[in-house]
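Peer 1: Residue strings, one per chain:
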Amino acid sequence: MTGVGYAFEEAWASVRRAGRSAAVSIGTIAIAFVTLGGFLLVSVNVQRVLDRWLESAEMSVYLHDDLSEELRTGLELYLRQQVAVAAVEYVSKERALERFRADFPELLDVTTAVAQNPFPAVFEVRLRTEGMDASAVDDLTTGLAGRGGVADVRYDRRWLTRLTGIVTSARIAAAVIAGVLMLGAAFTVAAVVRLSLHARRAEIDIMQLVGAPFSYIRGPFIVEGLLLGGAGAAVALLLIGVLYSAVGRWLGPDLTGLAGAGQLHFLGLREGVIMILGGLAVGAAAGTVASRSAR
Amino acid sequence: MIETQGLGKIYGRGLYALRDLNLTIDKGEFVFLTGPSGAGKSTLLRLLLLQERPTEGDVIVAGRNLSRLTRNEVQAYRRTVGFVFQDFKLIATKTVFENVSFALRVLGMPVEQQRRRTYQVLKWVGLQHRLNSRPDELSGGEQQRVAIARALVNEPHLVLADEPTGNLDPDLSLEIMNLFRDINASGTTVVVATHDRELIKWVGRRVVQLEHGQLAGLPEAPR
Ligand SMILES: Nc1ncnc2c1ncn2[C@@H]1O[C@H](COP(=O)(O)OP(=O)(O)OP(=O)(O)O)[C@@H](O)[C@H]1O
Ligand SMILES: [Mg+2]
Numbered sequence: 000m001t002g003v004g005y006a007f008e009e010a011w012a013s014v015r016r017a018g019r020s021a022a023v024s025i026g027t028i029a030i031a032f033v034t035l036g037g038f039l040l041v042s043v044n045v046q047r048v049l050d051r052w053l054e055s056a057e058m059s060v061y062l063h064d065d066l067s068e069e070l071r072t073g074l075e076l077y078l079r080q081q082v083a084v085a086a087v088e089y090v091s092k093e094r095a096l097e098r099f100r101a102d103f104p105e106l107l108d109v110t111t112a113v114a115q116n117p118f119p120a121v122f123e124v125r126l127r128t129e130g131m132d133a134s135a136v137d138d139l140t141t142g143l144a145g146r147g148g149v150a151d152v153r154y155d156r157r158w159l160t161r162l163t164g165i166v167t168s169a170r171i172a173a174a175v176i177a178g179v180l181m182l183g184a185a186f187t188v189a190a191v192v193r194l195s196l197h198a199r200r201a202e203i204d205i206m207q208l209v210g211a212p213f214s215y216i217r218g219p220f221i222v223e224g225l226l227l228g229g230a231g232a233a234v235a236l237l238l239i240g241v242l243y244s245a246v247g248r249w250l251g252p253d254l255t256g257l258a259g260a261g262q263l264h265f266l267g268l269r270e271g272v273i274m275i276l277g278g279l280a281v282g283a284a285a286g287t288v289a290s291r292s293a294r
Numbered sequence: 000m001i002e003t004q005g006l007g008k009i010y011g012r013g014l015y016a017l018r019d020l021n022l023t024i025d026k027g028e029f030v031f032l033t034g035p036s037g038a039g040k041s042t043l044l045r046l047l048l049l050q051e052r053p054t055e056g057d058v059i060v061a062g063r064n065l066s067r068l069t070r071n072e073v074q075a076y077r078r079t080v081g082f083v084f085q086d087f088k089l090i091a092t093k094t095v096f097e098n099v100s101f102a103l104r105v106l107g108m109p110v111e112q113q114r115r116r117t118y119q120v121l122k123w124v125g126l127q128h129r130l131n132s133r134p135d136e137l138s139g140g141e142q143q144r145v146a147i148a149r150a151l152v153n154e155p156h157l158v159l160a161d162e163p164t165g166n167l168d169p170d171l172s173l174e175i176m177n178l179f180r181d182i183n184a185s186g187t188t189v190v191v192a193t194h195d196r197e198l199i200k201w202v203g204r205r206v207v208q209l210e211h212g213q214l215a216g217l218p219e220a221p222r
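Residue numbers (numbering that gives the first Met the number 0), protein chains in the order written: chain X, 0 to 294; chain V, 0 to 222.
Next comes chain V alone, as it looks inside the complex (with noise of 0.2 Å):
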C-alpha cells in the first residue's frame, strides 16, 4: 500500500528531518509511527498527504508515485485519505457537523446521505449535542474527535493519524483507538503516530520506530 524509497526530506539549512528511508507498509496494515520528538514521524504524514514534497526519493501509495500526480489527481488521492493532525485543521467558521459533512459533499453524495453518514460517525465520537457548535467553542479533546470523525467519515483506503489521542483522557483514547481498529478492520490502512506506549501495548500491532528521520536500529548517518 505503501513504499518509501530513499526518502529525504530536508527543511531549511540542511538539516534532514527524513533521511533515506525505505518503508514498506501493507494493505489493511495498522502501524504505529514512534520515536522521539523531533524524529520525523509527523513530516512523513505530511509527506503522505502531499502536504509537503519530498526533497529526495519518492513515495509510493497503491502503485502510484505521488510526486507524479497532476494537481487533480493529487486532490482525488487526498479524497481516499483521511487525516487527523495535532493542529486538528478544523475550518474556524464552520460547524462540527459541516466540517465533517464537507469531506463527504466533496465526494458529491446527496444531502440526505451525507446527513446520515456525519450523524453517526459524530455520535461514535460521542458528539452527537454538539453539532451546531464552532470548532472555537470547543476542548480540545473534542475538537481531536470531530478531526477524527472527518478523517473516518469517508471510509477511507489510507488513514493517517498523528497523535491523534494527544488530547484525551485514556478512557477515551482506548475507545478511539476502538475506531481505528474498527475501520482498519473494513480494510482501511491506518498509520498512527504517538508516543503513548501503553496505546501501542494496548492496540498490539506493528511499530515503527523512527531516529533522526530513519529507522531505527540503522546506523546514523552523520548529519
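If we strip away everything but chain X, and leave its shape as in the complex, we get (with noise of 0.2 Å):
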C-alpha cells in the first residue's frame, strides 16, 4: 500500500523534526525498558540458579538403626511408588560411613575413635521436578513420618521453595514497576506525538479537503509513536548489555559461584525480541490514540 510508505517518510522527517522532545521520549521508553529488562536479566538467572538446585534436591529419609530388614524392603517399595519420587537409593550404615570418610579423609581419627558407626543408614530419594507441586512433597514428608522405622525426613527443598515464592513476589513487583513505567513512558511518546500533531495542524486540514484516506492522515503519527517506542526499546537493550558486561566483570567470580559451573546467561533472543515488540506496540499504541483527533 503507497499510503504506509508515505506514512514512513513523514512520520521519519517528523521525528528529525521533533529532535529534542523525540529523544526525551525515546530516553523514556529506554529507562523503562532498562528497569523491565534488567528485572528480567535479574530474574532469569535467579530462576536458572534455583533451578538448578531444585533439580539436585533430595530428600533424605533416615532410618532406626533397628529397622528390619523386612520393614526397610517395605519402606523402599513404599517410595518407589509414589508419583513425586523419581529415584531411591539406599545407603547402608556402612557406606555411609565409607563415603564420610572418602569425602572427609582428614577426619579419619574421629571415625575411627568411635566405637560404633554414627551414622545412620538412608534413603537417597530424587524428586521430580517437573509438574510437581509442594503439597505432593508435603504429603510425602507426612504419609514417611507415620511410618515405622523411619528416624528424620530432610528434605531441602522446602527452604527452596519458599525462595522460589520470594522470586515470584519479586517479580510480581517488578512487572508492576515496569508497567507503571511502560505507561509514563507510552504518556511521554504520546505528548510527543500530539505535538507534532500540533504542529502540522494546517497541514491535516489540507490533507482532509484533498481527501487523503485516514489512513494517510493518522498513519504518520501511528508510525511515529512506532519509531520512538522501538528506538527507545533498542537503546534500553543496549544499555541492558553494556549494564551486564559492567557488573559481570565486577562480580563475575562471585556470581559464577553462586551459580555452580554455569555461567552467567543474558537475555535470550526470544527476550531481546519481545522487548523490542513491545517497545514498537506501546509507541504504536500511543501514537493511536494521541492521533485520535487527526480524523
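Derived by calculation from the structure, the hints in this document are not laboratory data.
Partial list, derived from the structure: chain X residues whose beta carbon lies under 10 Å from chain V:
1. Tyr5
2. Arg16
3. Arg199
4. Gly210
5. Ile216
We put the CB at the ideal spot given by N, CA and C, even for glycine.
From the two separate chains plus the hints, produce the assembled complex.
Peer 2: Next up, the structure:
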C-alpha cells in the first residue's frame, strides 16, 4: 500500500524535526525498558540457579538402626510407588561411613575413635521436578513420618520452594513497576506525537480537504510513535548489555561460584525480540491514541 | 449535479451567512457565483466541500445528501472535488511539486503517472520552473496557480473556486479561465466565486447572484 510508505516518510521527517523532544521520549521509553529488562535479566538468572538447586534437591529419609530387613524393603517399595519420587537409593550405615571417610580423609581419626558407626542408614530420594507442586511433597513427608522405622526426614527443597515464592513476588512487583514506567513512557510518546500533530495542524486540515484517506492522515503519527517506541526499546537493550557486562566483570567470579559451574546468562533472543516488539507496540498504541483527533 | 434545499448557515450570534437557499446546478455547467462582499459565496463553497456543515437544509451532490456521508465517504467525495480557496491551502513544508502530486497520491496512482501528470498540469499554469520551491518562496499569484494546478490535476467531477484569479494579472486570469473552460468542456462541473465582472462577461456563462445569503431578486427576509 502506498499509504504505508508515505506514513514512514512523514514519520521519519517528523521525528527528525522533533529532535530534542523525540530524544526525551526515546529516553523515557529506554528507562522503562532498562528497568523491565534489568528485572528480567536478574530474575532469569536467579531462576536458573534456583532450578539447578531444585533439580539436585533430594529428600533424605533417615532410618532407625534397629530397622528390620523386612520393614526396610517395605519402605523402599512404598517410596518407589510415590508419583513425586523419581529415584531411590539406599545407603547403608557402612556405605555412609565409607562415604564420609572418602569425603573427609582428614577426619579419619574421629571416625576410628568412635567405637560404633555413628551414621544412620538412609534412603536418598530424588524427587521429580516437573509438574510437582509443593503439596505432593508435603504429603510424602507426612506419609513417611507416620511409618515405622523412619527416624527423620530431611527435605532441603522446602526452603528452596519458599525462596521461589519470594522470587515470584519480587517478579510481580517488578512487573508492576515496569508497567507503571511503561505507562509513563507511553504518555511521553503520546505527548511528542501530539506535539507534532499540533505542529502539522494546518497540513492535516489541507490533507482532509484534498480527501486523503484517514490512513494517510493518521498513519504518520502512529508510525512516529512506533519508531520512538522501537528506538527506546533498542536503546534499552543496548544499555542493559553494557550494564550486564559491567556487572559481570565486577561480580563475575562471585556470581559464578554461586550459580555453580554455569555461566551468567544474558537475555536470550526471545527476550530481546519481545522487548523490541513491546517497544514498538507501546509506541504505536501511544501514537494511535494521540492521533485520535486527526480524524 | 448540485442541489441545495432550504440551505442555511448561521455563524455565531444568529446571523445568517446563507438563508433558505434553493439552488440547482446541472452536471457539466459552468457557474459564476457573484454578489457583494459578505453575500455568502465563500460559505456556499465551504459547505459544498464539507469544510463546514449546514445549520439548516440539505446539500445534494450527484444524488447524495452530503450531510449523510460517513467520515470515510466524505474523504472519498472530496477526492472527486477540486478546490481553489482564497487562502490557497498549500502545505508549507512540501514543495510545489509535492503539493500538487499529493492529490494524485491519495488516489493511489502509480508514482510514474503521478509525476507525468503533475508536471503537465504545473506546465499549464506556467510553474514548471518552480517545481522544487516551497509555497512561502512564491508570490501570491504563483501560490494561487499551484492551488489551481492541484484542483485540476486529478480531473475532478466538480471544481470549486473562490476568487481563483484574485491575485493574477488580467492576461494570466484569462489563461486560467481558459483552463477552467477546458476542464469544463471535458464534463467537469465548475463553480467559480468572483467579483470580476470583466471575467464573467468574457467567459459568458451562467451567473448566480447572491445577496445577504439568498439568491438576489428574491424579497429579502428580515435578519
Ligand atoms: N467563520 C466565520 N465566523 C463568523 N462569521 C463568518 C465566518 N465566515 C463568514 N462569516 C460571515 O458570513 C457572511 C458571509 O461570508 P462569506 O465569506 O461567505 O462572504 P463572501 O460572499 O465570500 O464575501 P467576499 O466576497 O468578501 O469573499 C459574512 O457576513 C461573514 O462575516
Ligand atoms: Mg469570499
